[in-house]
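**Q** Letter by letter, the chains look like this.
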Amino acid sequence: MRVKVVLFARAREAYGEGRAILDLPPSGTARDCFEALTQKAPALEKLRSSLLIAINERYGDWDGPLTDGDEVAFIPPVSGG
Amino acid sequence: MARPALVHVAVVKEALDVATISSRVADPGAGAIATFAGAVRDHHAGKAVSHLEYEAYDSMAKATLAEVAGEASERWDLLGVAIEHRVGRLEIGEASVVIAVATAHRGEAFAALRFLIDELKVRVPIWKRETGPDGTHWIEGPDLIAAAPEAAD
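Protein chains in written order, with the numbering used here: chain A, 1 to 81; chain B, 1 to 153.
No lab work stands behind these hints: they were computed from the structure. As the structure is a computational prediction, the values presented were derived from the model and not from experiment. Don't take each hint at face value.
Said to hold, decoys possible - Some chain B residues near chain A, calculated using beta-carbon distances under 8 Å:
1) 16
2) 46
3) 49
4) 60
5) 73
6) 110
7) 114
8) 115
9) 117
10) 120
11) 124
12) 127
To be verified - Take a look, some chain B residues computed to stay more than 12 Å from chain A by CB distance:
13) 4
14) 13
15) 23
16) 27
17) 32
18) 34
19) 35
20) 59
21) 61
22) 64
23) 91
24) 96
25) 132
26) 133
27) 148
Backbone N, C-alpha and C define an ideal beta-carbon position, used for all residues, glycine too.
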């Protein structure tokens, strides 16, 4: 299955771009996405513990199974306002 | 509760106008219209700041703003709530966020405003990096983290 990944702020900077398309095995997770991203951009690894996950624009978790076409976001600590 | 509150949320690149946003919540039943504006300050954590840049996960930011607005509406029986957050480069003194609420009585308006800005700051996917004489830093809660050189564009 194929998922769209979006990265913001410091995560975007560490990865080098703000989006990626990933092919995952069935029932792949956000954690699997992150492993694939860190293969390409090891600098992401040190952000891991600070990141939240959103799936289709709602906060979700690292280990829930994804569905084909999902949008997975890696969200650093927010600082709006 | 009489009827659902009017809810308006937006993430915009243009300057925010408090009067325009406030007028969105006008209601004949309102005895109070209260607004909050967040402004860009010239210092943070002991460092001088020359400007800020805001970045948002636009679609989720709007959805989360609407969610927070809905929660406030239920809790305080709001007649209307409008929230606009600006993104891009902001100069000192400019408004980064404006929130307006309309209620029958003032107490609910002040309480709801406080809730809305507090929740926005912890839940809505928007980020800022600040630039000053010491370089450019991402703000992550209480932490300042040096941004990559190409970030200072």
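**Q** Under 8 Å is the threshold here; is the Cβ of residue 16 (chain B) close enough to any Cβ of chain A for the hint to stand?
**A** 13 Å, violated
**Q** Quick one: work out the minimum CB distance from residue 148 (chain B) to chain A and report holds if it exceeds 12 Å, violated otherwise.
**A** Residue 148 (chain B) is in fact no farther than 12 Å from some Cβ atom of chain A, at 5 Å.
**Q** For residue 34 (chain B), which was marked as not at the interface, is the minimum beta-carbon distance to chain A over 12 Å?
**A** 17 Å, holds
**Q** A cut-off of 12 Å on Cβ-Cβ distance, and residue 133 (chain B) was said to be off the interface with chain A. Does that hold?
**A** Consistent with the label, residue 133 (chain B) stays out of reach of chain A, its closest Cβ about 20 Å off (over 12 Å).
**Q** Are residue 60 (chain B) and chain A close enough, Cβ to Cβ, to be under 8 Å, as the hint says?
**A** 4 Å, holds
**Q** Quick check for students: does the CB of residue 23 (chain B) sit more than 12 Å from each CB in chain A?
**A** 22 Å, holds
**Q** Taking the shortest Cβ-to-Cβ distance between residue 61 (chain B) and chain A, state whether it exceeds 12 Å.
**A** 8 Å, violated
**Q** Hint check: is the beta carbon of residue 46 (chain B) less than 8 Å from a beta carbon of chain A?
**A** 17 Å, violated
**Q** Against chain A, run the beta carbon of residue 49 (chain B) and see if the smallest gap drops under 8 Å.
**A** 13 Å, violated
**Q** Checking the smallest CB distance to chain A, is residue 91 (chain B) really beyond 12 Å?
**A** 17 Å, holds
**Q** Measuring Cβ to Cβ, find out whether residue 32 (chain B) lies farther than 12 Å from everything in chain A.
**A** Given a closest Cβ separation of 22 Å, the condition holds.
**Q** Verify the interface restraint on residue 110 (chain B): the C-beta must sit less than 8 Å from at least one C-beta of chain A.
**A** Check failed: Cβ of residue 110 (chain B) comes no nearer than 17 Å to chain A, outside 8 Å.
The structure shown violates the earlier hints numbered 1, 2, 3, 5, 6, 7, 8, 20, 21, 22, 24 and 27.
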